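Each chain is listed here by its residues.
Protein chains: 2
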Amino acid sequence: MTQYQNQTRMLAAVDCIIFGFDGESLKILLVHRGIEPEKGKWSLMGGFVQPGESPDHAAIRILKTLTGLEGVYLEQLYTFGEPERDPIERTMSIAYFALIDIHRYEKQLSDEYQPEWFPLNKIPRLIFDHNEMVKMARAKLQYKAALHPLLFELLPKKFTLPQLQSLYESVYGTSFDKRNFSRKVLSTNLLVKQEDKYKGGSKKGAYYYKLNAKKYKANFQAFLNIIPNAHLL
Amino acid sequence: MTQYQNQTRMLAAVDCIIFGFDGESLKILLVHRGIEPEKGKWSLMGGFVQPGESPDHAAIRILKTLTGLEGVYLEQLYTFGEPERDPIERTMSIAYFALIDIHRYEKQLSDEYQPEWFPLNKIPRLIFDHNEMVKMARAKLQYKAALHPLLFELLPKKFTLPQLQSLYESVYGTSFDKRNFSRKVLSTNLLVKQEDKYKGGSKKGAYYYKLNAKKYKANFQAFLNIIPNAHLL
DNA sequence: TCAAAAGTGTTATGAGTACACCCATGG
DNA sequence: CCATGGGTGTACTCATAACACTTTTGA
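Residue numbers (our numbering), protein chains in the order written: chain G, 1 to 233; chain R, 234 to 466.
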């Protein structure tokens, strides 16, 4: 026996919701779709899963193609499989979300797709069910970042507390008390204060911090409570 | 254009991790696989996604076939797509986990598969990557039940606080202080005390409770904190 | 009357939250 | 010297967690 009989084969695609933070707002990276149908319309970056390739590998490959980045945070989000979601042919899409340091992103790599960053409140109409994917990715990011130290993946290796707070405020669309915020963040002992300061944001300058990589990996599963009133989300 | 060219089509399956609680321990329902390869070996209940059917619908259909139950709690868990996971032919499996009231389960429906309930610490060797699926389902159940009022789905409509506590203790493999447990559970206002008692567990009898269905639906997203020290999980 | 499970209250500790002033510096 | 953003401490409230005795009733 070499095959299962009388079953339907279908395509498997991967689509990536790529988050970045530029210091102002949380953004996602969209591309112009390269193939028909809907060629040229705004779309998530995606591609078909290849023979011999797992969905995880496909997501890593696609991310590398578009951004030039490897080793970034990548997590399977959800599999979208409505029969008519792609009008051409039945296609399952396994959606992944990625968190990248936007400053490491290499625009020149991906001229083919004319990618652009869009703030989350200005996402255009996307093809197929991609808007739904974005919505779900955002909800999951909010959910997960309230419990785990996830958002560091969006920042450079050295960052300041005001930058970190501004990132959390972007993700949750509110503002936090900076005294409580810094106390909570520092109480995790995940951050190591550096000697030098970032002077771009103010005259006084703000101390840089780095992640304590060991504790970060060990404590990733630990529940945090950075977000006040997370139960009201 | 009616097809995408030069791409690999593959099979899409759904596998269900079905949890039940019999008052003693948390169990999952396994079947004897009905087709080659590995026919007769222990397996999760599953099947191929049919044309015109979404993965969600496939999961609902499969669950109905095996248990006779409809309207049960069902959630997409993860998509497993390693190229060699099924030796016969490339198959993506979209895993779902289900929570059912084990007493509503109708054994006679499913003689074909000779299903059996296995406690989680006695899961046999399963086909393909199904052991990994079970492990992930269990972790997700623990994770999610610490934050959301999920485990009620495993109990009958009327249940007692000792039953509920025993369920939580099974899921987390520890014991809780019953005073703190009942205070926390009741403080959610999700439970409505009934007039009658369940006399099976003791001479004194324990009051039945029912879920307040409205609040349950409205508050499902609300974070609970039933599990002491959930951050240490 | 006794064994076995159900039910209930208090206290101490720690976490969360609200809130306001001083500091450093470049212009 | 002053405007701007960075950095810090305190007090109150509430949730958590530890802990033990009384109640009920069938056998």
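For the record, the hints were derived by calculation from the structure and aren't laboratory data.
Since the model is a prediction, treat every value here as computed from it, not as a measurement.
Please note that a few of the clues may not be correct.
As the list claims (entries may be wrong) - Think about it this way: if two alpha-carbon atoms lie no more than 25 Å apart in a straight line, the pair counts; the simulated SDA-like pairs of lysine to any residue are:
1) G:Lys64 with R:Asn239
2) R:Lys448 with R:Thr407
3) R:Lys377 with G:Asp56
4) G:Lys217 with R:Asn462
5) G:Lys184 with R:Asn458
6) R:Lys426 with R:Pro395
7) R:Lys443 with R:Asn413
8) G:Lys140 with R:Lys411
9) G:Lys64 with G:Leu155
10) R:Lys297 with R:Glu317
11) G:Lys39 with G:Lys140
12) R:Lys450 with G:Ala139
13) R:Lys450 with R:Pro395
14) R:Lys368 with G:Ala222
15) R:Lys373 with G:His148
16) G:Lys135 with R:Phe453
17) R:Lys272 with R:Lys373
18) G:Lys64 with R:Tyr237
19) R:Lys377 with G:Ala218
20) G:Lys107 with G:Asp56
21) R:Lys390 with R:Gln454
22) G:Lys144 with R:Lys443
23) G:Lys184 with R:Asn462
24) R:Lys368 with G:Leu155
25) G:Lys144 with R:Tyr401
26) R:Lys430 with R:Glu402
27) G:Lys214 with R:Tyr376
To be verified - Here are the computed distance ranges between Cβ atoms for each label pair:
28) G:Ala222 with R:Lys274: 55 to 61 Å
29) G:Lys64 with R:Gly433: 55 to 61 Å
30) R:Thr421 with G:Lys193: 39 to 45 Å
31) R:Lys272 with G:Ala222: 41 to 47 Å
32) R:Ala451 with G:Gly40: 53 to 59 Å
33) G:His148 with R:Thr407: 20 to 26 Å
34) R:Gln375 with G:Lys64: 30 to 36 Å
35) R:Asn413 with G:Lys214: 18 to 24 Å
C-beta atoms are modelled at their ideal positions from N, C-alpha and C, and glycine is treated no differently.
Cross-check of the supplied hints:
The suggested pairing of G:Lys64 with R:Asn239 holds, with an alpha-carbon distance near 22 Å, which does not exceed 25 Å. At most 25 Å may separate the alpha-carbon atoms for a hinted pair to count; R:Lys448 and R:Thr407 exceed this at roughly 28 Å. For the given pair, R:Lys377 sits about 24 Å from G:Asp56 by alpha-carbon distance, which is consistent with the 25 Å threshold. With a CA separation close to 20 Å, the supplied pair G:Lys217 and R:Asn462 stays within the 25 Å bound.
A distance of roughly 19 Å separates the Cα atoms of G:Lys184 and R:Asn458; the hinted pair therefore holds under the 25 Å criterion. Distance check on the hinted pair: R:Lys426 and R:Pro395 sit about 13 Å apart at the alpha-carbon level, within 25 Å; holds. For the given pair, R:Lys443 sits about 20 Å from R:Asn413 by alpha-carbon distance, which is consistent with the 25 Å threshold. The straight-line distance between the Cα atoms of G:Lys140 and R:Lys411 is roughly 33 Å, outside the 25 Å bound, and the hint therefore fails.
Between G:Lys64 and G:Leu155 the CA atoms are separated by roughly 18 Å; this keeps the pair inside 25 Å, and the hint holds. The suggested pairing of R:Lys297 with R:Glu317 is violated, with an alpha-carbon distance near 29 Å, which exceeds 25 Å. For the hint pairing G:Lys39 with G:Lys140, the CA-to-CA distance comes to about 29 Å; that exceeds 25 Å, so the pair is violated. With a CA separation close to 18 Å, the supplied pair R:Lys450 and G:Ala139 stays within the 25 Å bound.
For the hint pairing R:Lys450 with R:Pro395, the CA-to-CA distance comes to about 23 Å; that is within 25 Å, so the pair holds. Our distance criterion of 25 Å between C-alpha atoms is met by R:Lys368 and G:Ala222, whose separation comes to about 19 Å. Between R:Lys373 and G:His148 the alpha-carbon distance is near 15 Å, which keeps this suggested pair within the 25 Å criterion. Distance restraint check for G:Lys135 and R:Phe453: the Cα-Cα separation of roughly 19 Å lies within the 25 Å cut-off, and the hinted pair is therefore satisfied.
Distance restraint check for R:Lys272 and R:Lys373: the Cα-Cα separation of roughly 29 Å exceeds the 25 Å cut-off, and the hinted pair is therefore not satisfied. Between G:Lys64 and R:Tyr237 the CA atoms are separated by roughly 23 Å; this keeps the pair inside 25 Å, and the hint holds. At most 25 Å may separate the alpha-carbon atoms for a hinted pair to count; R:Lys377 and G:Ala218 meet this at roughly 20 Å. Note on G:Lys107 and G:Asp56: the hinted pairing holds, with a Cα-Cα distance of about 23 Å set against a maximum of 25 Å.
Distance restraint check for R:Lys390 and R:Gln454: the Cα-Cα separation of roughly 20 Å lies within the 25 Å cut-off, and the hinted pair is therefore satisfied. Our distance criterion of 25 Å between C-alpha atoms is broken by G:Lys144 and R:Lys443, whose separation comes to about 31 Å. A hinted pair counts as satisfied when its Cα atoms are at most 25 Å apart, and G:Lys184 with R:Asn462 qualifies at roughly 18 Å. About 32 Å separates the Cα atoms of R:Lys368 and G:Leu155, which puts this hinted pair outside 25 Å; it is violated.
Between G:Lys144 and R:Tyr401 the CA atoms are separated by roughly 23 Å; this keeps the pair inside 25 Å, and the hint holds. Taken as a hint, the R:Lys430 and R:Glu402 pair is honoured in the structure, with Cα atoms around 22 Å apart against an allowance of 25 Å. Simply put, G:Lys214 and R:Tyr376 have alpha-carbon atoms about 23 Å apart, close enough for the 25 Å limit, and the pair holds. Separated by about 38 Å at the C-beta atoms, G:Ala222 and R:Lys274 break the suggested range of 55 to 61 Å.
For the pair G:Lys64 and R:Gly433, the supplied restraint of 55 to 61 Å holds, since their beta-carbon distance comes to about 60 Å. Our hint of 39 to 45 Å for R:Thr421 and G:Lys193 holds, since their Cβ atoms are close to 40 Å apart. For R:Lys272 paired with G:Ala222, a C-beta distance near 44 Å keeps the hint of 41 to 47 Å intact. In this structure the supplied range 53 to 59 Å is violated for R:Ala451 paired with G:Gly40, their Cβ-Cβ distance being about 43 Å.
Taking 20 to 26 Å as the suggested C-beta distance range, the pair G:His148 and R:Thr407 conforms, at roughly 22 Å. The beta-carbon spacing between R:Gln375 and G:Lys64, approximately 34 Å, falls within the hinted interval of 30 to 36 Å. Distance hint check for R:Asn413 and G:Lys214: the Cβ-Cβ separation is about 34 Å, which falls outside the suggested range of 18 to 24 Å.
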